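Sequences listed follow chains A and B, in order.
In terms of the numbering used here, the first sequence has 35 at position 35, counting the first letter as 1, and numbering is strictly consecutive.
In terms of the numbering used here, the second sequence has 98 at position 98, counting the first letter as 1, and numbering is strictly consecutive.
Fair warning: there could be bad hints in the mix.
The calculated DSS-like cross-link candidates involving lysine-lysine, where the alpha carbons are at most 27 Å apart (straight line), are [as the list claims (entries may be wrong)]:
hint, chain 1, residue 1, chain 2, residue 2
1, B, Lys269, A, Lys170
2, B, Lys144, B, Lys243
3, B, Lys286, B, Lys299
4, A, Lys170, A, Lys124
5, B, Lys108, B, Lys128
6, A, Lys124, B, Lys169
7, B, Lys128, A, Lys145
8, B, Lys243, B, Lys35
9, A, Lys247, A, Lys170
10, A, Lys124, A, Lys145
11, A, Lys3, A, Lys145
12, B, Lys303, A, Lys145
13, A, Lys221, B, Lys303
14, B, Lys227, B, Lys169
15, B, Lys108, B, Lys199
16, A, Lys170, B, Lys169
17, A, Lys55, A, Lys3
18, B, Lys199, B, Lys144
19, B, Lys269, B, Lys35
20, A, Lys145, B, Lys144
21, B, Lys269, B, Lys108
22, B, Lys303, B, Lys243
23, B, Lys227, A, Lys221
24, B, Lys199, B, Lys227
It should be emphasised that the hints constitute simulated quantities derived from the structure, not laboratory data.
Predicted, not measured: the structure shown is a model, and the values here were computed from it.
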Amino acid sequence: DRKIDSLSSLVNVQVTDQADGSRNVTLRTGQPLVMGSTAATVSVTTNPDSSQTLKLKFATETFTLTTGSLGGQIGGLDDYERNTLDVMSTSISQVAQGITDSVNTALAAGYGTDPTVTTPGSGKPLFQYNPTTRQMSITPNLVTKDLAFSSNPATPGDSSVLQTIIGLQKQPLTNVTALGSVLLGDAYTQLMGRVATSSQQNNASLGTAETVRTQTQADWKSTSGVNQDEEAVNLIQYQQMYNANMKVIAVANQLFDSTLAILT
Amino acid sequence: MRISSTQYQNTMSSALQSAQSNVEMTLEQMASGQKLRLPSDDPGTAVRLGRLSREEASLDQYLSNISAMRTRLQQNETLMDGMVNDVMQARDLMVWASDGANTSDDVKAMSSTVANLRDSLLYSANTKDQEGRYVFSGTATATKAITGVVVNGVEGAPYTFTGNTDEQKVVVGADVTQTTNVNLHDIAALLNQLDAVAKALSPAPATPGGPSPEVSVNDPATRATLKAGLDGLDSALDYLNGKIATQGGAQNTLDTLQSNHENVSLSNKQAALTLGALDYGDAAIKLQSYSTALEATQKAYAKVSGLSLFDVL
Numbered sequence: 001d002r003k004i005d006s007l008s009s010l011v012n013v014q015v016t017d018q019a020d021g022s023r024n025v026t027l028r029t030g031q032p033l034v035m036g037s038t039a040a041t042v043s044v045t046t047n048p049d050s051s052q053t054l055k056l057k058f059a060t061e062t063f064t065l066t067t068g069s070l071g072g073q074i075g076g077l078d079d080y081e082r083n084t085l086d087v088m089s090t091s092i093s094q095v096a097q098g099i100t101d102s103v104n105t106a107l108a109a110g111y112g113t114d115p116t117v118t119t120p121g122s123g124k125p126l127f128q129y130n131p132t133t134r135q136m137s138i139t140p141n142l143v144t145k146d147l148a149f150s151s152n153p154a155t156p157g158d159s160s161v162l163q164t165i166i167g168l169q170k171q172p173l174t175n176v177t178a179l180g181s182v183l184l185g186d187a188y189t190q191l192m193g194r195v196a197t198s199s200q201q202n203n204a205s206l207g208t209a210e211t212v213r214t215q216t217q218a219d220w221k222s223t224s225g226v227n228q229d230e231e232a233v234n235l236i237q238y239q240q241m242y243n244a245n246m247k248v249i250a251v252a253n254q255l256f257d258s259t260l261a262i263l264t
Numbered sequence: 001m002r003i004s005s006t007q008y009q010n011t012m013s014s015a016l017q018s019a020q021s022n023v024e025m026t027l028e029q030m031a032s033g034q035k036l037r038l039p040s041d042d043p044g045t046a047v048r049l050g051r052l053s054r055e056e057a058s059l060d061q062y063l064s065n066i067s068a069m070r071t072r073l074q075q076n077e078t079l080m081d082g083m084v085n086d087v088m089q090a091r092d093l094m095v096w097a098s099d100g101a102n103t104s105d106d107v108k109a110m111s112s113t114v115a116n117l118r119d120s121l122l123y124s125a126n127t128k129d130q131e132g133r134y135v136f137s138g139t140a141t142a143t144k145a146i147t148g149v150v151v152n153g154v155e156g157a158p159y160t161f162t163g164n165t166d167e168q169k170v171v172v173g174a175d176v177t178q179t180t181n182v183n184l185h186d187i188a189a190l191l192n193q194l195d196a197v198a199k200a201l202s203p204a205p206a207t208p209g210g211p212s213p214e215v216s217v218n219d220p221a222t223r224a225t226l227k228a229g230l231d232g233l234d235s236a237l238d239y240l241n242g243k244i245a246t247q248g249g250a251q252n253t254l255d256t257l258q259s260n261h262e263n264v265s266l267s268n269k270q271a272a273l274t275l276g277a278l279d280y281g282d283a284a285i286k287l288q289s290y291s292t293a294l295e296a297t298q299k300a301y302a303k304v305s306g307l308s309l310f311d312v313l
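Hey, can you work out the whole structure from these sequences and the hints?
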């Protein structure tokens, strides 16, 4: 019972009782976990796009477990990975990409203090976004004279491109799919708010689920548990009945003996 | 409802767990001094605190920009003060030279002083800062402010202003920019006039190596040159003083902006405290009540679990 209970905390299981008193445990979706005395093994493989797949191997058959119907801790983790973690990490990388693109576009139209660079559109980019590692970094080997803050090669002291970049924080970022159109300066705060709200909802659901489980346990114990005082009372009662019966037998025995004594 | 004996254990363990998690949460809050341990404790407040701290970061940056800009304005003012001194000296010299009682030799001596002052003004106008950028050229910081014409390897008149009159702007507030540079457009004309005076007071010899001609201040052409020089110096003085006054005005604006930013920052910090700081009195009371509940539960359990009919039998 305890083992089935701990197994059910991991996934949603269905238990069927067999005629010989043993139990078969299957997943909600039908794949067998324990049949008679054979048990299945569950494994995880990582896919090329860095998502994960669960596989169940029973005897000689392998099943791929579909997500969304698992329940329990494994189902919860899977739901978290798909609906929260992936969405958040995609959003953050979209914000990074948005910042990189906006800044680099503004810089491309500018000129640095390097007097040898005079062709338009040749301002060096400041940030680089790597889509495979999903990380933002500063262009290596960038030196001060490559910072293209001026809008005119003849006036290196001009700072109009720099002002444009400073003004970017009031521009909306449109490539963050989870948030719609947000101001660049506000994107991080809103993402944090989303995580906080989901987490709070999760905590509230957890509290509710725990209360329901405690209540269910109490009801179960109320029906089938043992109350020691009740058993003690019954014990005394049975003892008395036993004593009384013993007394009756003893008296009947005496009567019989007396009757026999009369006859002999 | 029928209570089984193991129900007591369950109640006891769940009560212990919830009391301990409450105590732990209160302890964490007291240790950090913040009401929120995680953003999920109160998402609305967490977002508001995030926005406040972002605004704080902007204000810090503006304040640092303001203090950097002050240094630059100070430098501009000091350099221009030096130039004003040179101009006043030149003016005194001109007034003295205009005295008809001067001899030709006196006047020729003054001429070299005038030439020195002219060069000193030229060097001041072409000052470079520590990074090698010209200070008074407007936004064309790679070119000299005032350039002369090179003759036989010597740079001389006529001087022209080779910078530009564009402004370098610094962001010192939300959508607020201030100009930080000065250009000396009219000084080129002054230098040309000083050069003319110097040449008039000490004319080149008719034949190289020969004696230099006599100069008389009462000669109308010389007088006219001297007068033009004097007028040029007066207008240059006004020009420079005007520019210095602009720098002073900019410093005043920066003062106002700085105190505004500091006030807003203070009010933001107070708001952050109101939203996020822990009320220690309240937390201490909560801690006490959780501990009391825990103790009472434990004592009650000890008593109740000792109640058994089997002890009486």
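Checked hints:
{"no.": "1", "hint": "Lys269/B - Lys170/A", "in the structure": "23 Å, holds"}
{"no.": "2", "hint": "Lys144/B - Lys243/B", "in the structure": "19 Å, holds"}
{"no.": "3", "hint": "Lys286/B - Lys299/B", "in the structure": "20 Å, holds"}
{"no.": "4", "hint": "Lys170/A - Lys124/A", "in the structure": "23 Å, holds"}
{"no.": "5", "hint": "Lys108/B - Lys128/B", "in the structure": "33 Å, violated"}
{"no.": "6", "hint": "Lys124/A - Lys169/B", "in the structure": "22 Å, holds"}
{"no.": "7", "hint": "Lys128/B - Lys145/A", "in the structure": "17 Å, holds"}
{"no.": "8", "hint": "Lys243/B - Lys35/B", "in the structure": "54 Å, violated"}
{"no.": "9", "hint": "Lys247/A - Lys170/A", "in the structure": "99 Å, violated"}
{"no.": "10", "hint": "Lys124/A - Lys145/A", "in the structure": "10 Å, holds"}
{"no.": "11", "hint": "Lys3/A - Lys145/A", "in the structure": "68 Å, violated"}
{"no.": "12", "hint": "Lys303/B - Lys145/A", "in the structure": "81 Å, violated"}
{"no.": "13", "hint": "Lys221/A - Lys303/B", "in the structure": "21 Å, holds"}
{"no.": "14", "hint": "Lys227/B - Lys169/B", "in the structure": "39 Å, violated"}
{"no.": "15", "hint": "Lys108/B - Lys199/B", "in the structure": "9 Å, holds"}
{"no.": "16", "hint": "Lys170/A - Lys169/B", "in the structure": "19 Å, holds"}
{"no.": "17", "hint": "Lys55/A - Lys3/A", "in the structure": "22 Å, holds"}
{"no.": "18", "hint": "Lys199/B - Lys144/B", "in the structure": "24 Å, holds"}
{"no.": "19", "hint": "Lys269/B - Lys35/B", "in the structure": "15 Å, holds"}
{"no.": "20", "hint": "Lys145/A - Lys144/B", "in the structure": "19 Å, holds"}
{"no.": "21", "hint": "Lys269/B - Lys108/B", "in the structure": "69 Å, violated"}
{"no.": "22", "hint": "Lys303/B - Lys243/B", "in the structure": "91 Å, violated"}
{"no.": "23", "hint": "Lys227/B - Lys221/A", "in the structure": "116 Å, violated"}
{"no.": "24", "hint": "Lys199/B - Lys227/B", "in the structure": "14 Å, holds"}
In terms of the numbered hints stated before, the structure departs from hints 5, 8, 9, 11, 12, 14, 21, 22, 23, listed from lowest to highest.
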